[in-house]
Structures are given as structure tokens and as C-alpha cells.
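*Asks:* Sequences are here, hints too, so could you generate the full structure?
Read off the chains here:
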Amino acid sequence: MILEIKFQENYSRGQLLLRSFFGWLYIVIPHIFLLMFLQIWSSILTFIAFWSILFTGRYPKSFFDFQVKLLRWNMRVNARIYNLSDGYPKFGLNAVDPNIILEVPYPEKLSRIMVLVKLLFGIFYVLIPHMIVLMFVSLAANFLLIANWFIILFTGKSDLSFHTFLVGTLRWSTKINLYMGFMTDTYPPFRISPLPEEVIPGLTTSEYNQNEYTS
Amino acid sequence: MNTHHDIPNPEDISIEDREDAMSGYLMMFASIGAGIPLPVINLIAGIIYFYISRNKSPFVRFHATQAVLSQLPTSLLNAGLIFWLIRIFFFDYELNDYFKIYAVIVGFLNISYFGFSIWAAVQARKGRMYYFLFIGKFSLGYAFKNRG
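Respectively, the protein sequence lines represent chains D and S. Heads up: the first sequence begins at 3 in the numbering used here, then just goes up one per residue. Heads up: the second sequence begins at 18 in the numbering used here, then just goes up one per residue.
No lab work stands behind these hints: they were computed from the structure. For glycine and all other residues, C-beta sits at the position ideal for the given N, C-alpha and C. Some hints could be false.
To be verified - Here are the computed distance ranges between Cβ atoms for each label pair:
1) D:Tyr108 <-> S:Ile99: 50 to 58 Å
2) D:Thr188 <-> S:Tyr68: 30 to 38 Å
3) S:Gly97 <-> D:Phe93: 47 to 55 Å
4) D:Phe192 <-> S:Ile65: 32 to 40 Å
5) S:Ile128 <-> D:Phe126: 49 to 57 Å
6) D:Ile202 <-> S:Phe133: 48 to 56 Å
7) D:Trp53 <-> S:Lys162: 26 to 34 Å
*Replies:* Below, the structure written as C-alpha cells:
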């Protein structure tokens, strides 16, 4: 899974203030209202996909595509809430945001046993351990979010390491969602940075992560 | 120009189309998936799925149409059962014989609907056509009609 949110050279202070004080009104409420209905549909598709995987070993492709599009929409909104990207998040499942890259490879075959294991024991071996660690990570992310807010307000620029950490937190939770939503058999790793194969050359945040691997 | 598309051979139907066709029948579990235990949710999900599938291949369209039409009678009967049950619970306080007979009939129809739908879903996954009584023919005519 690849998730990157473009690191901008400059961030708008006006948009930052507008988002901070009125974001709930003009971003969160309209998007969440629509996403709520789509989330119900997503739950239905996940339930049906579970049975499909159990009996055929495949996640229906059209369902999978829908889920990825919904994840992208969620990510567009999250990127603004986390002040990782300027601009207004586009509405619609087919909308494209050049600042956000979210790619989930379609698995041609999924383990039928694992789908049962995830359903019955996922809470014990995925949710509980990840949630405990993510709780601390999210706490740190919240501090960075506040610090980054002031940095953008005073300098008009964001801090790359903060940005990378916040994107990493979103990536981590997305991987848990994918695993628990039966969309992959790859156990979500306990890490902020992307795996080496998930690094996109040429992208500032990815190169930052790549430097971490090489140094 | 042919007024209708030809019925495809099972081996000519892509796996994606087979899965989409199968999923139409599985919309009968929508209420469980959504966590809202109301029979009408299944029907709404079926209608949404039918609407989404309108631009897909005739094979998918056929199964989606048949799935949603087959849901109609059971959904109406289930709604009637719930309505009657609510009436008894709040007003009559007595399970009369008419209600018991109605409940048994609805139960039997639900089991039949469940069985036939699962069978149809399996056939759809195999790329085969499977016709329900009455609605099968109508669905075929609708889905395979050549829209130019």
C-alpha cells in the first residue's frame, strides 16, 4: 500500500486559520454527512466480501475499487484536518487530488483461512496490540500537529519531519483498516515509515524516508 | 440490428462480471452488514446495487434485476409481519391464529427465497444464467435488450 501526501514548499496561513476555526463547518460537516452514507454501503460490501473471500478466495474487484476510492476520499479530508495539505478536499468517489497518493494493490487471491482468523481473532492479534501502540503514536502526532500549526502560522512553511510523522500515522492506521477490512493478507507493520518497496522516488516525503533507510 | 444481445457462454464472461452478478443476490444480507436489522435495508441495498449495475454487462444487469425483483415479495411480506407484530405488541397483546399462520407462511417463503438466492448466486459465479419463476423472463428481456 502506498500513501503519500505531498509536502508543499509553502502553506497558506489564511487557509490554516480558516480551517482551524471554521473547518468543522465547511469541510467536516458536508464531507462527513456524505461519507457516513458511503460508510454504511462500505460496511455492507465488506460483509458480502467476507463471504465471497470465504467461499471463492477473491475480494470482488468492483467492491475493492469502491473501498479504495472511499479511502482516498477519507484521506483527502484527513489531509486537510491534519493541515497536511492546502485547498478544499474534492467531493466524489472519482475525484482526483494531485497532492495525495493512495494506491492499494488488488490481491488476486486472499487466504480463506485468514479471513476467518481476522474475523474471529483480529481484535486480539491486530486491533489490541496496534491500538495500544497507536495510542502513544497518536498522542505524539497530536503534539506535532499543534507544533506544526504554529510553525505554519509564523513561517508559512511546514516541518518535513513533522509532516512525515503525521503521514506515517495515517498510513499506519490505513494499513490496519485494510487488513481488518479483508483487503490484504499482509499483517500491518508496527512502523511510521513506509516499507522500502512503498517509497516513491522523487517525492520529498518519500526521499526523507529513503534517507532514513540509507543513513 | 438485433433487438437483444446474445446470451454469453459462461467461459466468455469475465471473473469480475461473475462476481458482480453474484453480489446482487448477496445484497439480501445487507441489513446484517449495515448492522440495521430491518428487512427494508436489504431491499434498499438491492435497489442501489441494481442502479449501480445498470451500465454494466447484460449478464450482470440480468442478475442484478432478478435479485432485486425477487426481493420485493419477501420484503413486503416481512414488512407486513413486523407491522403486525408491532400492533400485537402495543395494542392487541395476543398472538391470534391468523398471525401464526401468516408467520409460518412468511418464514417458509423466506427460507425458500434464501435457498433459491444462494443457488442463483452460485450459478452467477459460475457464469451461468439462472431463471426465477415469472421474473426470470422479464429480467432477461430487460437486461439483454439492445439499447443501441
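*Asks:* Each hint: holds or not?
*Replies:* Hints, verified against the model:
| no. | hint | in the structure |
| --- | --- | --- |
| 1 | D:Tyr108 <-> S:Ile99: 50 to 58 Å | violated, 40 Å |
| 2 | D:Thr188 <-> S:Tyr68: 30 to 38 Å | holds, 34 Å |
| 3 | S:Gly97 <-> D:Phe93: 47 to 55 Å | violated, 39 Å |
| 4 | D:Phe192 <-> S:Ile65: 32 to 40 Å | holds, 38 Å |
| 5 | S:Ile128 <-> D:Phe126: 49 to 57 Å | violated, 35 Å |
| 6 | D:Ile202 <-> S:Phe133: 48 to 56 Å | holds, 49 Å |
| 7 | D:Trp53 <-> S:Lys162: 26 to 34 Å | holds, 31 Å |
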